[in-house]
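Novice: Sequence:
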Amino acid sequence: MRFLLLGLLGLLITLTGSVDKNNFKTCDQSSFCRRCRKVDPGIPSPYEVQLGTLKTFPDHITVDVLNKNNEQVFNLKVVGLKGNKFHVEVDEKSPLKPRYRVVDALIAPPVTENVSVTKEEEGSVVVKCGENRAVVVASPFRIDFYHGEVLVVSANAKGLMKFEHLRKKSVPVPAEAAEEGGEGAAAAENEVENPQTNEDDDPGAWEENFKSHHDSKPNGPEAVALDFTFPQAEVLFGIPEHADSFALKPTLGSEPYRLYNLDVFEYELDSPMALYGSVPVIYGHGEGNTAGVYWQNAAETWVDVYNSNAKKNVMSSIVNFVSRSRQADPPAAHFMSESGIMDYYVLLGPTPMETFMQYADLTGPAPLPQMFALGYHQSRWNYNDEADVAGVHDKFDEHDIPMDTIWLDIEYTDAKKYFTWDGHKFPHPLEMIRNLTERGRHLTIIIDPHIKRDGGYFFHNDCTDRGYYVKNKDGRDYEGWCWPGAASYADFFSPDVRQYYADQYQLDKFDTTTADVMLWNDMNEPSVFNGPEVTMLKDNIHFGGWEHRDVHNLYGHMHVLGTFEGLVRRSGGVQRPFILTRGHFAGTQRYAAIWTGDNTAEWGHLQASIKMCLSESVAGFSFCGADVGGFFGNPDAELFERWYQAAAFQPFFRAHSHIDTRRREPWLWPEATMLVVRDALRRRYSYLPFWYTLFYEHERTGRPVMRPLLTHYPLDKETFTIDYEYLLGDILLVRPVLQQGVSKVDVYFPAVDGKKEGDIWYDVDDHRKITAAGFESVPVDNYKIPVYQRGGTILTKKERIRRAATLMANDPVTFVVALDKEHSARGTLYVDDEKTFEYRKGKYIYLNLEFKDNVISCRKNDEKANYDTKSWVERIVIVGLEHVPKSATLNVSGEPSVTLEVYKHGESVVVRKPKVVLSRKWSIQLNY
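Numbered per mature numbering (1 follows the signal peptide of the UniProt record, and there is no 0), the sequence shown spans residues -18 to -1, 1 to 910.
No lab work stands behind these hints: they were computed from the structure. Ideal Cβ placement from N, Cα and C applies to all residues, glycine included. Honestly, I wouldn't trust all of these hints.
Just the calculated beta-carbon pair ranges, DEER-fashion [what the hints assert, rightly or not]: (1) Asn843 to Ala468: 51 to 59 angstroms; (2) Gln721 to Gln11: 53 to 61 angstroms; (3) His196 to Lys64: 28 to 36 angstroms; (4) Val899 to Asp382: 26 to 34 angstroms; (5) Asp382 to Asn616: 21 to 29 angstroms; (6) Lys75 to Gly527: 15 to 23 angstroms; (7) Pro232 to Asp712: 26 to 34 angstroms; (8) Asn843 to Asn616: 28 to 36 angstroms; (9) Asp712 to Gln11: 38 to 46 angstroms; (10) Ile641 to Asp735: 28 to 36 angstroms; (11) His805 to Glu102: 48 to 56 angstroms; (12) Ala654 to Glu883: 51 to 59 angstroms.
Required output: the full structure, derived from the provided sequences and hints.
Specialist: Spelled out as structure tokens, the structure:
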């Protein structure tokens, strides 16, 4: 059966081994995209605000909007939100039936703020919220959003708005029947009462075919579309997931970017094609401002990008734009969704970081993972049996290579039935799990949303008997094909289904696992091998009567929500779950990490891993990585080495590969390659305290872990499009080697405040100092990973590398102090039990570290919080000192002073063995 299914999937791939684009729609083949794209920006928008209907409330306004072409009336709601945000909704005032509104994406209802409202003589309404305002222009309808006095976003400035109201399908009436009266006349009269627009003339308006698949479209045309202009911006970015550049490319004359969760084998690079996840948030950035828009819609969505700046000097054409002197054609994005309402949030910045944090305020940050999840994960499709698993983790120890988690793909199950084991290959799962956990390691297993249709399978029988499956348009259980063969799909939109699904993870049910086994949710776009575009029919029906077209991009999100609930309950609310998902939407980051899907062993895919994770990171998904080495194909030694080196400085670090690839465990390569890989892995483990602190601060503030350079250097235009190097926090600059056969790479050191001067940077390997902004050519050998610590920062490392991160909890730390031009530095360190939710009850320490006036000091950020760590300070490495101190004096409150040894090591000065426990308040004075 497996080979039959692989053959079926093979139909999706061309002979060249790349994706067959003919299996996926273009905009022109998607009738609603075709209609929305036909709106002419040269014709004034037909939408007009009816100012006489204005109603004001403490935190929002409502007002009617009329489409003058067909007399349809819509209700506009503008809400002021705390934290420099507005929320806008547009819906039909009297729809034939309710339209879908996205739920579960936001972390909580946004906190509103009181507004003041004034009417302007020139036909507009001003909604003021703090220092911000939204100016609603009546005719043609437009909303201009200001931060202070600066116009940062304008909705419908291009006049591309389109809202297809729900209507009854008109029946053509012969002229003679209408003249004679009777039923024909009644039909004609009905047509007058429900005036139609040219949407009905589109051949795909009321039903649509793609290849052999038919979409019945019972609600007819119901698309919504709106354009957003960013007058201050020079570059747009966001709207993942696409295998494309970080900076979005203009799409006029080509395909728009598509947001529609799909299972795409061997996806194409430099393409706007849809992939596994859809996060409809976009940012516009320029020298003076950053702003964003979160378009909250879970239906299929296409996004056109207008950006003349991509091909010309942005300052070459300045003219009047919306009563302000701006670019002639500033960057804009045109969102086009198949159904739902207009529901969007405007993020007013004004800096990149503030804008990212405003989005995190809405959809939430990723929770702090267990420490082991930040270590290295070893996977392939598939480890064959228990002996294979034991052999792999033995070999990691034999070759002194750290590793935290072994993964099992679908072959561990009994005939692809989830929550079961293959009794021949894995007869003793609890013993296998115990052998891992006793050495500090974990097991992660896969559970997908497709359920095998097998009369002997309890899960299938329960879902059938209880009505838990997604239904087809005729109300019967939907059946498609996936890995098990004939399969149906649990309807995770139903609370009862999620509860049942979560119950299956409980140890009294899935008693062949333990609370330390973690989860991988794959194929949850959802993937349906024989479905249209390898996914589910749009006219399928979910809980609440909603069509699949309304909720498609949320399906994986709801699947993961059920998994998360199950894992939390499994441990009695004690352990933090670890979940990896492929399908995702806005907010999924609250439950799971993601990876970039079925990539290929090619240098271009290595490069894409950084671009894609940068785009995901600013869209909330800090816990992102890619299959190291490529899922498809067989990397050569150089690509294999460079991929490990790059992944060692990306948040999620997992090797994974296709069942037909050669085995790739590090010891199977020549010794020279194994040593390079081991070096990269050991570097990753040395930085685990730094990673852990970044993720804690991400949960606390929403600041991304992995950041584009423009985050901290917003005035340096060179940073706007750089997507081959990036920042980790504001501390490390990472520029992996991404090209074949090179002996040097160009590293860009950003300019501060748009000037030629830059920060001081120190090479983390030899502490060489870089003081000038701009490009520098850096020599690289097999072992070199160009990584630099910013002057003015302090980061924490652990340099006793053990077999797993879980075994390093009490090990001593090294502080690396990198001095800035004022010979000062600051940093933070977060410590807890690395496993449970107890940190949310105050069981942690969060330390502020500072170097100033030749004194290094450490104090708690929160005196009420406390954790009894045994970890202590082993050494302090200071880089950037002009002179070597003679000694150092350790002062700990309540204890006598201690003189410490200081010595020079290369370009650094080392304070040896302070031996102070991390939870104590202390300082060290350098003596000259």
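Novice: Would you mind marking each hint as holding or not holding in the structure?
Specialist: Structure-based check of all given hints:
Range check, Asn843 to Ala468: Cβ separation about 56 angstroms, and the 51 to 59 angstroms hint holds. At roughly 37 angstroms, the beta carbons of Gln721 and Gln11 sit outside the given window of 53 to 61 angstroms. Under the hint 28 to 36 angstroms, the C-beta atoms of His196 and Lys64, about 47 angstroms apart, miss the expected range. For Val899 paired with Asp382, a C-beta distance near 29 angstroms keeps the hint of 26 to 34 angstroms intact.
Between Asp382 and Asn616 the beta carbons are some 26 angstroms apart, a value that agrees with the proposed interval 21 to 29 angstroms. Between Lys75 and Gly527 the beta carbon distance is about 22 angstroms. The supplied range of 15 to 23 angstroms therefore holds. The given range of 26 to 34 angstroms is respected by Pro232 and Asp712, whose C-beta atoms sit roughly 31 angstroms from each other. For Asn843 and Asn616, the hinted distance range of 28 to 36 angstroms is not satisfied, since their beta carbons lie about 48 angstroms from each other.
Hint check: Asp712 to Gln11, Cβ distance near 45 angstroms, so the stated range 38 to 46 angstroms holds. A hinted range of 28 to 36 angstroms is violated for the C-beta pair Ile641 and Asp735, which are about 52 angstroms apart. At roughly 55 angstroms, the beta carbons of His805 and Glu102 sit within the given window of 48 to 56 angstroms. Distance hint check: the CB atoms of Ala654 and Glu883 are about 37 angstroms apart, inconsistent with the given range 51 to 59 angstroms.
Consistency note: the structure conflicts with the earlier hints numbered 2, 3, 8, 10, 12.
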